[in-house]
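Trainee: Spelled out, the chains give:
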Amino acid sequence: MSISIPDYLLKMPQYLPNDIEGMIFTYPNKFPVIINNYEEAAKKYAMDPEGFREYGNSQKKELVEGLNKIKNEYEECKIKDLKFLVEIDQKLNKLFCFRFWIVNYLFADGPIHSFYVDNLKMLIRKLVKADETEKYEAKVEETIQILLQSDYADEYLEQALNCNIVLEELNKIDEIKEDLNKVTKLIDKDSMKNMDEINKIWSDIWKVIDNSNNEKIYDLLHIALVQVKFRNSPLPLYNTLTHTIEFRRENLKLKEKYDNMNLKINEILENAKKELDKDEYDLLKMSYEQAKNFAMYKDVMGAIDGKLLPFWFGIHDEIKEILRKTNKNMPIKSLGQAAMFYYLVWYLPEDLKAIVMTPDFTDFSLENI
Amino acid sequence: MKKELIDITPHKSIMCKISQTGYSIQEAISELIDNSIDARLENEKIVINLEIDDKHILISDTGKGMNKNVAKDSIRLGYSSKKEKLGEFGLGLKTATSFLGEEFVLKTKQKDSNEEYIIKYNEEEWLKSGDWFKFPFMIEEKNNDLHGTIVEVSKLKVDITNELLEKIKEELGRRFAPFILNNEIHLYFNGEECNVPKPDIIEDSKKDIYLKIGKSTVKGWWAYQLAGYNKSYYGFNTFRRGRLVTVFDKIGLTNNQQIKQIIGELEITGVNITHDKKGWVKTSEEYKEIEEKLREYFKEYEYKPKRLLTGYPASKGKVIGTIRQVNMFHSGNMEKEIKKVNKGDIIVTAMTRPQFLIAIRRAGGIITDLGGTLCHAAIVSREFGIPAVVGTNIATKVLQDGQKVIIDGGEGVIYEY
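Protein chains in written order, with my numbering: chain F, 3 to 371; chain D, 1325 to 1741.
Bound-form chain D, shown alone (with noise of 0.2 Å):
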């Protein structure tokens, strides 16, 4: 046998392709938030700035800034000296700002360093002229105190529209909840500090959860949700050290969760996720025993409620909510009536009329006495989005102000809750 030595120098071209991995917006700038979480220090929380316009993505961070070797190294492919930390794996900077832009420029200091150091990337240029083993190393003076890392992401390969901002806002407030929650990192998004979203739950039904199995743990809180449209928008948000793994995740959950709509936050440990860190290894001994304590935990939670009223299924959608008698009478008193109303309840009156607008937008779902396909309530249903049974002839005789029902308004069915 004859061995030969060859050559397996990565090809240029692997800078660009790392970022075909199927990332969001989100997900690739949460990367990128990652490393400025990652790099706080200790007893100080982190200002983490976010700006994005339709030409530029600035990340920058009062974190401690990378020391000369780490700053080298941020730029090798798979290279990270992090253990047991969100960036662990050594990709996330150069998948994220390939998937976001053709250009990138990297700032670090450290406190008590009189340098910067700065690394350029072009995607354009590294193909052309690139060296893996010549890469341009900036080294700028600096005589002053500040710290931390700026990431400016520019010539961007993604469209930037005002509704996408909206989602990344909200996004990342649900995304790094635990950091924000925790007092550890003040993230800004375009100057505008990102708070994390109120789940929309019966406040009465949150339990917290704490289960160890092995050496993984679970902990967090479920409960019933309010308010849902999609039969797909239940389950957990589950974190891993802090950062958002997975949405809407049915771990532990059957199909009977059709009825039940259970939202919860789920911290796992002893885990391990996927490269991309989009998802948990779902083959390993852990996650199936977790999975299985948590069928276990969740199955006494999942049974089938009885049946209150029957009517015409107006507007598809599963809700628990607290029901209100509603007014909606031109007699009325209409002040009075919509003051009854919170956000979530279950509307339940003879039919609807359009001045009750704002009621009706709050509401979780709707119910009337009377009705087929075209009443006010089914339309306006179908025109929002809230599940509603119409034509039931007797809710406002059966149903009762603050008792809890679940509505299922592709059956038309209202259950005891």
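Just chain F, same shape as in the assembly (with noise of 0.2 Å):
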């Protein structure tokens, strides 16, 4: 195969199309080592589909198991104050950086990616046959749509594809049965309006559910359930099971499509294995698995979302309230993963102030986390 990336794609990026928090500017600036570190991996695994994988599973084990070590760090203090806070925030930007920013942001937004998504267009392009151009227009954005696609469900498509499953098991359970038609019929009718109605039927239904501790259901809706977790409020779980009722018939079709997935994309890779020549084929193949790897690997990371984000933002709040006691005109802010650098740090006292902004020039290692 002689499949190769400029070198210039393999170096540390300048932008990242998805970077609303900047932290292409701040961690390269705070972490150096972090460039080094991502230089290597993307020399080591651009090509390599496999090996992407494999250092995708290291980093999220990494990554749960340094979470786990700040968030006991954290439990175990007994005085709380603004300098502990400031460590462990910087601590979790530590750990953000080297362990989920290069899998998450670095590879998956990055030239790489790029690199391999337009080639993918490209090579679509000319495989595609069609009499007129209008049909060969619409061939292209249908394949490539299945391409990038793949057959990999991810968080949103998941939730859709479970809400199949957890139609059939609430219809199995004879005590919610009228419930079950009520809500339905007001769904039907207008979800929005009859939302309050909608909400309290939800809410006599989850609790049979929950007395039958239905582990099937709880593993079906588990996105939903975190959200229930993470904002202390039902209403992430009504909200799923009223789109359960509501695209009930569309994620009927949804499922027929994406079973067929696999199909499809088998029957296009065949095709293409006649069609192109040996190198664009090979380049066509790597680019179909590496853009599936990264947007595999994006919901693999992001997993840990529900256990990390309302740690972070809890300690993000503790900040908050302690320097709003000494800074009444802070201004309030929508708050992210970096939200120390572009918005608490302008508040914290000197000697705070440096140690964030202070670069820090050693690598990530578990045990000194």
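Every clue listed holds true.
Calculated cross-link-like contacts (lysine-lysine; reagent style DSBU-like; alpha-carbon spacing at most 35 Å): (1) D/K1663 x F/K209; (2) F/K259 x D/K1479; (3) D/K1630 x D/K1667; (4) D/K1660 x F/K195; (5) D/K1444 x D/K1491; (6) F/K287 x F/K259; (7) F/K131 x D/K1574; (8) F/K141 x D/K1530; (9) F/K231 x D/K1664; (10) F/K85 x F/K355; (11) D/K1369 x F/K179; (12) D/K1630 x D/K1660; (13) F/K174 x D/K1379; (14) F/K255 x D/K1493; (15) F/K137 x F/K276; (16) F/K259 x D/K1664; (17) F/K187 x D/K1531; (18) F/K294 x F/K231; (19) F/K93 x F/K355; (20) D/K1663 x F/K184; (21) D/K1660 x F/K93; (22) F/K137 x F/K275; (23) F/K202 x F/K184; (24) D/K1491 x F/K184; (25) D/K1602 x D/K1341; (26) D/K1660 x F/K184; (27) F/K137 x D/K1341; (28) D/K1543 x D/K1493; (29) D/K1728 x F/K255; (30) D/K1728 x D/K1574; (31) D/K1574 x D/K1602; (32) D/K1522 x F/K257; (33) D/K1721 x D/K1630; (34) F/K266 x F/K280.
Honestly, the hints are just simulated from the structure, not real lab data.
Mind docking these for me? Both chains are given alone in their own frames, and the hints should help you get the complex.
Mentor: Spelled out as structure tokens, the structure:
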């Protein structure tokens, strides 16, 4: 195989399209070692799908272990003063930068990803055949969508597909049949206007499910249940249940579509094998696999959000509360992971400002975090 | 010159061949419902029941039923005593039943009659021993006030799947919308009443239209549709005498519809339809005149709007909708934000999050400040077929809550509405 990625694409990027908190400007300055770490990983795994998956798994493992370690430290501490809280935030940033950011942002949104997506699109245009321009464009678009979508179900799709099974499970419970009919009618009539009434019925239905300790339903609704805990409100669950009914027909169609995804992808790749030169086919296959890997690991890593973010945002809230006592004019802003660098640091006392704004030249290790 | 008189009695196989007109199952069933509608009693609402399982298709109505002569003629090919009605060609019963199954039974009775007339047709028997001049016609004594007609098709030639049943139910409501809305019929499908699906339109764009061109008329309404995915899903449902003739008919619309998606319903009179009732006779002068007038009428509504923003084209499709600024950050009030999004609205957000799934599914389109091919918004919009433009950088700053825009997810452009 003679695929090669130009060297400049394996360097630390200067810009990332999903980087709302500007981490691409902060992290390489705060943790300069990340540049080398990423560039080494980029060289190693840019053209090694299997290796990338292993790398992703090891990063995830250390991310979880690191988070547990920092959480324990936080819980064991008796005096949680501002200095301690800032240090915990910095540890979280280091963990996030070295064990999350590389896979979730630098690979998934960076230049290597763009290289593969561009090649995938270019080769699909070469592969697809049709008599008329409009048919050709439609076919190109469809093929791109299939290969970029891949056969992997992300959290959005997983929720929608799970809803089919949730509905089957709900229909099996005799005690809730009447309520289920009632709520279905209300949702079909107008799910927005009837929301209060709908949520009341879901609350009754959920009591029955909770009493029967239905593990299967808990498992299917795990994404919503994490949100229930995180937001301390049952509404994320009720929304998901409403979605189950409101989009039941569409969800069945989705299932059909994704059940056939593997077949469609194999068909496209088989056709590509016949139609394209060997080098082109290899590049298309690699582009498909890596685009799929990058999307998949965005989700694999993102699964920690439910655990990581409430903890981290809690720390930020505590810091904010302390700072507000002395800075009444401090504006209220939406906080993300990197809030310390774009918001909180401006209100810290000098010594803590120095801690935050001083570069950390050490590499990440679980032992030293 | 010698002259001979020859026998041109149709070959018996014509009874089977007439069904090969490229019907869809829904169209064949609609032919049978047409007959029921034609049989409605004056000032009385007719109840039409359609029951389908994998073995039978049964259509019964509470119409006036047929008298003896009409019942006898109903099996004759091409015979129709109806003028200016839906079943004017005298082919529907035979073509539809023959398309759907190998066997059918027709039973019909009028209110003041003590007789029920029965016709049984079996394709195999007909081909083996049928006789154009000796078709069995049965009469059974019935002393009751019941009236109406039942057609039961069996030994089905078509596959009945659950998906098809869903489709039929939805389509019947649309096909017979004028009759249902006029309170002329109650149409039930497998025990459930068929309702007219509400069109996804921008309500304040809805306009009535009435054009009179010579002896022809066009009456109905049109509006910009709220959500649309496939570029060909726009245009008009056209009706003749209350019965659907064409769907997504582009009569009078130009190619500029790529930007604005007009949908509506037009009742057209004075133009002939093809004998399979699936289209208008486009070569007729009347049709051409109507097409020209409509084109003239719609010209002013087809302007190309101004570009507001561009971004990365994440998921194809064009849609008009109302901007809803939604804060999907973890620190935002998720419930309050979800409540903002009505069906068909266009979500404008910095980036999407999985826990906002219900709002995303309700949305007609998605616009984000950030993102590329693999951002959540791009992936989710492709998964659910929602037009999306991502990575605009400034959408949350530029687009105002409540503002109406057109989003073109295929080109990555947001237009002014």
